[in-house]
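Listed below are the residues making up each chain.
There are 2 protein chains.
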Amino acid sequence: MNKEQEGLREALCTLGNGYFATRGAAEEAEADDVHYPGTYLAGSYNRLKSEVAGKTLENEDLVNWPNWLQLSFRLDGDKNWFRLEEKQVLDYRQELDFSEGILRREMHFKDKKHRETKITSTRLVSMANPHLACIKWEFTPVNWSGPVMMRSALDGSVKNEGVKRYKALSSKHLKIIEQGKTNDIIYLLVQTNQSRIYMAQAARCHVYSGNKKLRTNREILEEEGKISERFSFQASQGKTVTIEKIISVSSSKDRAINEPLNSSLETLRNELDFSALKARHSEAWSRLWKQFDITLKSPGNSQLLLRLHIFHLLQTSSMHTIGRDVGIPARGWHGEAYRGHIFWDELFIFPLLNYRLPDLTHSLLLYRYYRLGAAKKLAEKEGLKGAMFPWQSGSSGREESQVIHLNPKSGKWLPDHTYLQRHVNLAIAYNIWQYYEVTADRNFMKFYGAEMLLEIAHFFASITTWSEFRQRYEIRNVVGPDEFHTAYPGSDEPGINNNAYTNVMTSWLFSHAKKAFELIGTTRQEALKQKLKLDDREFSKWEEISRKLYVPFIKEGIIAQFEGYEQLPEFDWEAYREKYQSIQRLDRILNAEGDSVNCYKASKQADVLMLFYLFSAEELVQLFKDMGYQFNPERIPDNIEYYVSRTSDGSTLSRIVRSWVEARSDRECAWHCFREAIVSDFEDVQGGTTPEGIHMGSMAGTVDILQRCFTGLEVRDNVLRLNPYFPEEITSLGMEINYRGVWLSLEFSGNQCRIKSRDGAASPVKIKFRDQLFEIKGKMIKTISY
Amino acid sequence: MNKEQEGLREALCTLGNGYFATRGAAEEAEADDVHYPGTYLAGSYNRLKSEVAGKTLENEDLVNWPNWLQLSFRLDGDKNWFRLEEKQVLDYRQELDFSEGILRREMHFKDKKHRETKITSTRLVSMANPHLACIKWEFTPVNWSGPVMMRSALDGSVKNEGVKRYKALSSKHLKIIEQGKTNDIIYLLVQTNQSRIYMAQAARCHVYSGNKKLRTNREILEEEGKISERFSFQASQGKTVTIEKIISVSSSKDRAINEPLNSSLETLRNELDFSALKARHSEAWSRLWKQFDITLKSPGNSQLLLRLHIFHLLQTSSMHTIGRDVGIPARGWHGEAYRGHIFWDELFIFPLLNYRLPDLTHSLLLYRYYRLGAAKKLAEKEGLKGAMFPWQSGSSGREESQVIHLNPKSGKWLPDHTYLQRHVNLAIAYNIWQYYEVTADRNFMKFYGAEMLLEIAHFFASITTWSEFRQRYEIRNVVGPDEFHTAYPGSDEPGINNNAYTNVMTSWLFSHAKKAFELIGTTRQEALKQKLKLDDREFSKWEEISRKLYVPFIKEGIIAQFEGYEQLPEFDWEAYREKYQSIQRLDRILNAEGDSVNCYKASKQADVLMLFYLFSAEELVQLFKDMGYQFNPERIPDNIEYYVSRTSDGSTLSRIVRSWVEARSDRECAWHCFREAIVSDFEDVQGGTTPEGIHMGSMAGTVDILQRCFTGLEVRDNVLRLNPYFPEEITSLGMEINYRGVWLSLEFSGNQCRIKSRDGAASPVKIKFRDQLFEIKGKMIKTISY
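Respectively, the protein sequence lines represent chains A and B. In case it helps, UniProt numbering puts the first sequence at residues 1 to 786. In case it helps, UniProt numbering puts the second sequence at residues 1 to 786.
Honestly, the hints are just simulated from the structure, not real lab data. For every residue, glycine included, the Cβ atom is placed at its ideal position computed from N, Cα and C. Treat each hint with caution, since some may be false.
[Unchecked claim] Straight-line distance between alpha carbons at most 16 Å, and here's what the computed EDC-like set of lysine to aspartate or glutamate pairs gives:
#1 B:175 <-> B:223
#2 A:377 <-> B:273
#3 A:533 <-> B:283
#4 B:377 <-> A:271
#5 B:601 <-> B:641
#6 A:290 <-> B:526
#7 B:212 <-> B:283
[Said to hold, decoys possible] Per label pair, the in silico range of CB-to-CB distance:
#8 A:180 <-> B:269: 37 to 45 Å
#9 B:581 <-> A:180: 52 to 60 Å
#10 B:218 <-> A:593: 51 to 59 Å
#11 A:85 <-> B:183: 51 to 59 Å
#12 A:269 <-> B:553: 23 to 31 Å
[Said to hold, decoys possible] Over the 12 Å line for every Cβ pair with chain A, so calculated as not near, a few chain B residues:
#13 255
#14 381
#15 402
#16 437
#17 556
#18 741
The following block holds chain A by itself, in its conformation from the complex:
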């Protein structure tokens, strides 16, 4: 990097209304940019591609500067196509406009022949039609005139090389089926190696001077896996030439298509007008923002980061994914980490979507429902009943968890028991119930929800064992959300016993499977009993287990993370914090030292605290009571304190949970954790994991802290409850939520809350603001001072 480039580095800053993030740095232009922040816009395009592959694919062809969307050029006499390292960058600026979903870049550079050129690039992946992407260059010769050779390509030779530790894995996933040219369109049809999914792309590139389209002679170049066209035009000093490239993408997984290549050609043929395409795209974003925006008054860049998170979430999952057979991968479609596998992250993502696009959460639950068969087979293989959804779910719903993993610290391969995280099933169950609470969609419960809940309950019933000694039921050999503890010290047996989170949630599961069953009516009840081979004896058994599940305690009021946790020695946090820059991945550190994190009271994320995250104090007290335990809610802060001091925060989700659980007891701490959580991808706090893909759960979870935690938003017993308790830093908050089909606008400001319904045809909904119960119906505004 030369001095000039260095000088261009700018801090990230907020502009205007908080919809803009800009980051200008020639540094990014070289490497990091591939993922950050250049990837912001790659999202929805990658989404398409990734669905196609069933794996995350390389996105170089989209974001690899300077070859933006496979568009490049060279000037008269140049041997090479444009390469940044051969130029002197005089000015560089990039701007991501969240409100319109547009990435703009301006660059001013000088080559060795002292020719200065300015390029302004405008790029988007359409939110109006997910099959379209486009890029426009405004190309201006500053101090020269002469011919310019352009190259526009479609590249099928991309590789998955975005995650270094996956180097040993196969990186080339595409094979070329067909490429060619028809009229002014070049096209490429590729197929994934193993899953046989087709992906077709077509591209048209036109050049304009003002409004006049320039005629150019095109030459087609077919290389292995890549088709390009090149053409030249005459550039004149100070005169801007516009290059517009429109790209269409289709896959064999698309709906309403005949064949992917035909489909992408047809789509492109209908799409001649860049500015019309751009206008439709921006409008689609503006409509989305009307529903998804959360306005916040608070110091610093929280507003910007909120929008950054919402923006990324919507790049991965939006109305365009409704009805498609896709889940929410842990890292969105923004990077290759975890290779597109589906974990439990939806537990953190659902609340944001449930209240805005319930058709989408419906669709995501169906994604699980369609894999219920695979989950049943998985349980059956282990000699268990019901359905066992895997920890890492592949495209067919098969278990994709690794059984060994590489420790980059030591270079060694280690056995990996994290697949024993049966709690993923509890997350699915919890989400089913939450979806129902928010939507009251009994039809979903009848057709799908109850069946899944029953199958998951059946599974959990089959993994419980009766302890004569305790006179209680146990769940042995599992791993909790804290992935550090995967076995007892020195034990060959994988897993730990009686993980408190798992056991309490299992008790919750049994009671809610029953509630769901009671909701669905006799006809469906009988059908499900027959289909799932369930009888009243089994239901009684669940009730019995539900009341007698064992929950370990360390001492009165302090829940033990799992049985025997209290016997583990304390960990020397101070020493290790001193010794290592970051101890988030303590497991790897200790392992490299020949030790094991299994041996200490040390957690990656405090899974006991998840209970306080998912349940209100009242609910939790009731849950424990049902299980025959007395739990004093006043001891919650003690539990928090106990575990917070024993947690490395090795997961981006950990801070969200902490912020949440502290919100009612320690507002300052809650705000602090919220801020830590909200910057985690933005500042790549894990030191390198963000370029491997953003953390979807963390991004959505931070928004949800504002949505539900600080506002006290909760639905219980057909009542929407509000109980705001804001950190001092927040002076106002506004959002729209959709509750049972009614759009409500909520505005908190000072000590006032304004609830507005603009929907004249809305059915009445019950709202309880702290202790005040009222009904909202039709168009009305309700203002509460508190």
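Please build the complex by placing chain B on the supplied structure of chain A, with the hints as guidance.
Just chain B now, with coordinates in the frame of chain A:
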């Protein structure tokens, strides 16, 4: 056919509870059987296959006797594999069990060496897992012992040759990608030529003597497009050997798969037990019947035929098609006629499904929604606004209507204007509204329904023109449901003007697009106005058109089918009925004579009567009133009489409409028409169209006559209305319907109606029995005498 075979012919008869249809005839065993009644069970299998191809495929591999599901045999010394014509059939019987979805066949035959053999075949296509099919043979040597050679195959060389007049079209749609053997499984992966869809099949064939699996040496034969295995066993006189073949099918359009071939292999590996597979299948059918069965007491075989129709409907469209991107093709998946194109038939099919499986009609409406883009492009190409769904919709939603068609009577190709049936858009709109009325699913209306209604309304607004002369709006150059009238006599211009059905429905459309718009709330209203580029001026225009659409009348109270209909000469029905055996396809007869049906008052189906079919008298009077016409409902019988005497009933839908419209005025006639309609496929009244595929609209429509017409079932203004008026032949009727999420059991018997809700968690629903309004809530029984 020899004498013995001739002697075996039996009439079709009803057995037991009306769930059985048997038809034994050696005649069928030769040829017709390929489609009838052997195809009953092929349905859901074909469905899978047909989805794959985007076209209906040859189903020889499934149903072509004697090669049932590609299973065959030969005895010691035989040169050929089993061929019926070389045997003497001593006994033959086949039985389709609707209740369990199983086709059983028994055959007793003698070969030239006087060896007598009995085979009982049991065959099913799983309703529990749509990826599975299986066949079991019980093979008994009656008077001999010796070796038997079996052959089990998977055949990818099938052709589409089921419709003779398509002979000129390409018939081979599959290319072989891979075939082979793994352990005891043979497999075949094929791909459709044009649409690049993969279809994988895997098969396992085991032989048992009693419970003992016989070890057999297998030999694999790979022919072009076909893989077989053959193996032999020793048969002993009087001892039954069982052969079980289980087949799995997957396609690249499947959900939750990784890759089709893997998927079909994986499915089959998990499926070892024929009887368990069969049990799950039968249970799935029993659950379906609980919701879909209509019990009827009436003379003759109506009960049987009702179940036959319901059975076929569910073979084409069931819970397994929910969420899949498939429409309802006119001929189900039972034959190749119309090559899988989607017409307007869902207008007749929806009511049955709406009241039982609304998730399915939701899904079918989404099938249209996903093709809204294609419909908009189609309108745009013609310089029109909004969305114009095509008359014959192909897989991508493109127009697939022919522009010429072959007259088999004359062998000539004729121009075909039937694509001008814009009323298909009105059918879609009508179904959206009906779905909403039955389910009250406002969420659907918000997300999808209103958008479609608005786009269709926008389209119709753009095809209306203002007539200065009439001071009314007109719709010119269309074709109505009566496809005989596609132009004015001698005119080069295609289409007719002001088709009454189209114009009245268009007025209905405008008012209901408005109603829908009012339902969806301000947020969505604003979003749609932006997205669809609609403003208040456009809405006002619709209102204006709606009130001023022109409807032609022949004379006071008699609606003209279209403008100028009254000027056409009468047709000499008597002469032609005498001259031709059937004049249903009068168009072809007249054309072959050098005349044209365009020149006469003669209809294929009376499209004016469709108005009385879709609307109650009160609604229709209101509709006309809104348009500024006075329509006297007492003239409805005159309209019926006028058109019935001028209709050739060339469509199977025609009789349904007639039965419906006569139900309140002439019960005897209604019953007569109902009977004519209900046998139409069963007796192939059109003389050859049934083997090309059953008529889905007609099958569902006849069931709907019982469901809605005779019971007077109707939903209007949030009230479910009942107003029974049964033909004398019906002494009792029972059915279950799902109204707004509540299962109601309705039983009509004598002059009593019993309404039962067994659903304790059901929300209250309003019911009006004639003039008596009451509420059903939770578990209750209500008995009304009338």
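How the hints compare with the structure:
Our distance criterion of 16 Å between C-alpha atoms is met by residue 175 of chain B and residue 223 of chain B, whose separation comes to about 13 Å. Between the alpha carbons of residue 377 of chain A and residue 273 of chain B the distance comes to roughly 15 Å, so the proposed pair stays at or under 16 Å and holds. Restraint check for residue 533 of chain A and residue 283 of chain B: the C-alpha separation of about 11 Å stays at or below 16 Å, so the hint holds. A hinted pair counts as satisfied when its Cα atoms are at most 16 Å apart, and residue 377 of chain B with residue 271 of chain A qualifies at roughly 11 Å.
Proposed proximity of residue 601 of chain B and residue 641 of chain B is supported: the alpha carbons are some 14 Å apart, at most 16 Å. With a C-alpha separation of about 10 Å, the suggested pairing of residue 290 of chain A with residue 526 of chain B holds against the 16 Å cut-off. Of the supplied pair hints, the one linking residue 212 of chain B and residue 283 of chain B is violated, its CA atoms being roughly 27 Å apart against a limit of 16 Å. Distance hint for residue 180 of chain A and residue 269 of chain B: a CB-CB separation of about 41 Å, consistent with the stated range 37 to 45 Å.
The beta-carbon spacing between residue 581 of chain B and residue 180 of chain A, approximately 55 Å, falls within the hinted interval of 52 to 60 Å. The beta-carbon spacing between residue 218 of chain B and residue 593 of chain A, approximately 57 Å, falls within the hinted interval of 51 to 59 Å. Range check, residue 85 of chain A to residue 183 of chain B: about 56 Å between beta-carbon atoms, so the 51 to 59 Å window is met. Taking 23 to 31 Å as the suggested C-beta distance range, the pair residue 269 of chain A and residue 553 of chain B does not conform, at roughly 46 Å.
A beta-carbon of chain A is positioned within 12 Å of the beta-carbon of residue 255 of chain B; the least distance is around 4 Å. Some Cβ of chain A comes within 12 Å of the Cβ of residue 381 of chain B; the nearest lies about 9 Å off, and the non-interface call is violated. Look at residue 402 of chain B: its CB is around 17 Å from the nearest CB on chain A, clear of 12 Å, so calling it non-interface holds up. Non-interface call for residue 437 of chain B relative to chain A: holds, since the shortest CB-CB distance, roughly 15 Å, exceeds 12 Å.
Distance to chain A confirms residue 556 of chain B as a non-interface residue, since its nearest Cβ pair spans about 40 Å, more than 12 Å. Against chain A, the non-interface label of residue 741 of chain B is violated: not every CB pair exceeds 12 Å, the least being about 5 Å.
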